[in-house]
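Q: These are the residues of each chain, in order.
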Amino acid sequence: MNELKGRREFMQLLGLGGVVFASGLAGACTNILRKSGEAEDDFFFVQLSDTHWGFKGPPNPEAANTLKQAVQAVNALPIQPDFIVFTGDLTHTTDDEAERNRRMREFKAIVADLKAPVRRYMPGEHDASLDWGKAFQEHFGPTHYSFDHKGIHFAVIDNVSDPGAAIGGAQLDWLLADLKPLRPEAPIVIFTHRPLFDLAPQWDWATKDGSKAIDLLQHYKHVTVFYGHIHQEHHFKTGEIAHHAATSLIFPLPAPLSQPKRAPVPWDPAHPRRGLGFREITVDESRLVLTLKQDSLEGTAAAQPAAATGS
Amino acid sequence: MRGTHWMLAPLLAVILAAATSDVAAQEKVIAVTAERFKFTPGVIQLKVGEPVVLELTSLDRKHGFQVPDLKIDETIEPGKVTRLRIVPDKAATYDFHCSIFCGSGHEEMAGQIVVSP
Chain R
1 MNELKGRREF MQLLGLGGVV FASGLAGACT NILRKSGEAE DDFFFVQLSD THWGFKGPPN
61 PEAANTLKQA VQAVNALPIQ PDFIVFTGDL THTTDDEAER NRRMREFKAI VADLKAPVRR
121 YMPGEHDASL DWGKAFQEHF GPTHYSFDHK GIHFAVIDNV SDPGAAIGGA QLDWLLADLK
181 PLRPEAPIVI FTHRPLFDLA PQWDWATKDG SKAIDLLQHY KHVTVFYGHI HQEHHFKTGE
241 IAHHAATSLI FPLPAPLSQP KRAPVPWDPA HPRRGLGFRE ITVDESRLVL TLKQDSLEGT
301 AAAQPAAATG S
Chain W
312 MRGTHWMLAP LLAVILAAAT SDVAAQEKVI AVTAERFKFT PGVIQLKVGE PVVLELTSLD
372 RKHGFQVPDL KIDETIEPGK VTRLRIVPDK AATYDFHCSI FCGSGHEEMA GQIVVSP
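Note that the protein sequences, when read in sequence, are chains R and W.
Start counting the first sequence at 1; every next residue gets the next number (my numbering).
Start counting the second sequence at 312; every next residue gets the next number (my numbering).
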């Protein structure tokens, strides 16, 4: 492979197949970053979502291999991302506590093969709603937290440990305090599992008190939310806040309220892995332009035997 | 009765203040049970203008009863009866679902309120 000078050249070679959005004040923000001594080059990270490790059923007869294929696909990228974020439902739910822990251990073992140096985790309701996040925290750490990376403030919001799909007052207070030191023009990225807005409450595609989080975030001019839960790409804005849902790595779900029930899209043996994939998010040097690129698993190598992967 | 609640569905109710026990005793009562992962009945038939009391009970664990289009979101606790008085004011179909995650199959735990003329 020819050596690429940087992520930008890589993206130019690929072409931009995703959604691009930009906002103003790029110059002002660049100046802020330069004064603070942050890196000025672009960077990218990868979002994987809803892997549902442990799922078995007709919607994905290859469920024992799909996550492993995703790991291989990410590892095959010409340049590795700065980090990989898993936006929830790492495992498929189970009533059996021992089995839940086993699935989480297996998940960790599989994603340990990722070349990317940093992985960020958060729970989905399948991971956390039956035990208020107990097992998840034991295996992956806190369910809500924040971190800074190259001039971007990232915050993870947990809207699943409460089985009633609420963020809760304590976490909202934490979010308020976490955001307080930031300037209104600071670039902010939020990771969460459920949509923070009422995408389709009839299908449980909402967060009970998500509007309170959005109210807090609306004080900032450059906020982008990446989430999962709905097993498909979806793009929406509440005011100036952009919300982007990701595809899953287990089975796609139908478009919101497009049919009576939110049943999985039936498996199509002629097109295995259709609708499954992951997302690359490139952040430009201004930190205000995010480029979203969707990578489909369709067309990737055939499934490996489950026995060969230690599951 | 301890653990029993009267709740009014604001978008449907036209009689809000007359929820006395005498009135309630004359009203139609529909028992609705919740269990993993279904409601029984799954389709609740109502008529426009006819007051009804839904008596929600759980057969196993905590569940939710959410009707987003009516802004109803109630918890059904095991061993308790949650009473929901509604008076339909128009013919329509409303989806409801369990709003407390209850396991693999939770996503299928849903039903409809069908209001006929």
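Calculated from the structure, these hints are not laboratory results.
For each residue, glycine too, the CB sits at the ideal point set by N, CA and C.
Check before you lean on any hint, since a few could be wrong.
Now the in silico label distances, taken between C-beta atoms and shown as ranges [what the hints assert, rightly or not]:
(1) R/Pro-61 <-> W/Gly-390: 55 to 63 Å
(2) W/Gly-360 <-> R/Glu-138: 49 to 57 Å
(3) R/His-235 <-> W/Val-392: 37 to 45 Å
(4) W/Val-425 <-> R/Pro-117: 52 to 60 Å
(5) W/Gly-360 <-> R/Lys-180: 49 to 57 Å
(6) W/Pro-428 <-> R/Glu-138: 24 to 32 Å
(7) W/Lys-401 <-> R/Ser-258: 18 to 26 Å
(8) R/Gln-294 <-> W/Asp-380: 44 to 52 Å
(9) R/Glu-138 <-> W/Val-425: 43 to 51 Å
(10) R/Ala-170 <-> W/Val-425: 36 to 44 Å
(11) R/Gln-137 <-> W/Val-425: 39 to 47 Å
(12) W/Arg-372 <-> R/Ser-296: 36 to 44 Å
(13) R/Ser-258 <-> W/Asp-400: 49 to 57 Å
(14) W/Asp-384 <-> R/Ser-296: 35 to 43 Å
With the Cβ distance kept under 8 Å, some of the chain W side facing chain R (calculated, not the full set) [to be verified]:
(15) Phe-348
(16) Glu-361
(17) Pro-379
(18) Leu-381
(19) Ala-403
(20) His-408
(21) Ser-410
(22) Gly-414
(23) Ser-415
(24) Glu-418
Q: Determine for every hint whether it applies to the structure shown.
A: Right, here's what the structure says about each hint:
1. R/Pro-61 <-> W/Gly-390: 55 to 63 Å: Violated - the Cβ-Cβ distance for R/Pro-61 and W/Gly-390, about 41 Å, lies outside 55 to 63 Å.
2. W/Gly-360 <-> R/Glu-138: 49 to 57 Å: Given a distance of about 55 Å, which is inside 49 to 57 Å, the answer is holds.
3. R/His-235 <-> W/Val-392: 37 to 45 Å: 44 Å Cβ-Cβ, so the 37 to 45 Å window holds.
4. W/Val-425 <-> R/Pro-117: 52 to 60 Å: About 55 Å separates the Cβ atoms of W/Val-425 and R/Pro-117, which means 52 to 60 Å holds.
5. W/Gly-360 <-> R/Lys-180: 49 to 57 Å: holds (52 Å)
6. W/Pro-428 <-> R/Glu-138: 24 to 32 Å: violated (55 Å)
7. W/Lys-401 <-> R/Ser-258: 18 to 26 Å: holds (24 Å)
8. R/Gln-294 <-> W/Asp-380: 44 to 52 Å: violated (32 Å)
9. R/Glu-138 <-> W/Val-425: 43 to 51 Å: Holds - the Cβ-Cβ distance for R/Glu-138 and W/Val-425, about 45 Å, lies within 43 to 51 Å.
10. R/Ala-170 <-> W/Val-425: 36 to 44 Å: Once the Cβ atoms are compared, 40 Å apart, the range 36 to 44 Å for W/Val-425 and R/Ala-170 holds.
11. R/Gln-137 <-> W/Val-425: 39 to 47 Å: holds (43 Å)
12. W/Arg-372 <-> R/Ser-296: 36 to 44 Å: With Cβ atoms ~39 Å apart, the hint holds.
13. R/Ser-258 <-> W/Asp-400: 49 to 57 Å: Once the Cβ atoms are compared, 28 Å apart, the range 49 to 57 Å for W/Asp-400 and R/Ser-258 is violated.
14. W/Asp-384 <-> R/Ser-296: 35 to 43 Å: Since W/Asp-384 and R/Ser-296 have Cβ atoms about 37 Å apart, the given range 35 to 43 Å holds.
15. Phe-348: With Cβ-Cβ at 12 Å, over 8 Å, it is violated.
16. Glu-361: violated (24 Å)
17. Pro-379: holds (4 Å)
18. Leu-381: Check failed: Cβ of W/Leu-381 comes no nearer than 11 Å to chain R, outside 8 Å.
19. Ala-403: This hint is violated: W/Ala-403 lies away from chain R, its Cβ roughly 13 Å from the closest one there, beyond 8 Å.
20. His-408: Status holds, d = 6 Å.
21. Ser-410: holds (6 Å)
22. Gly-414: holds (6 Å)
23. Ser-415: At about 5 Å, which falls below the 8 Å cut-off, the nearest Cβ of chain R leaves the hint on W/Ser-415 intact, so it holds.
24. Glu-418: holds (6 Å)
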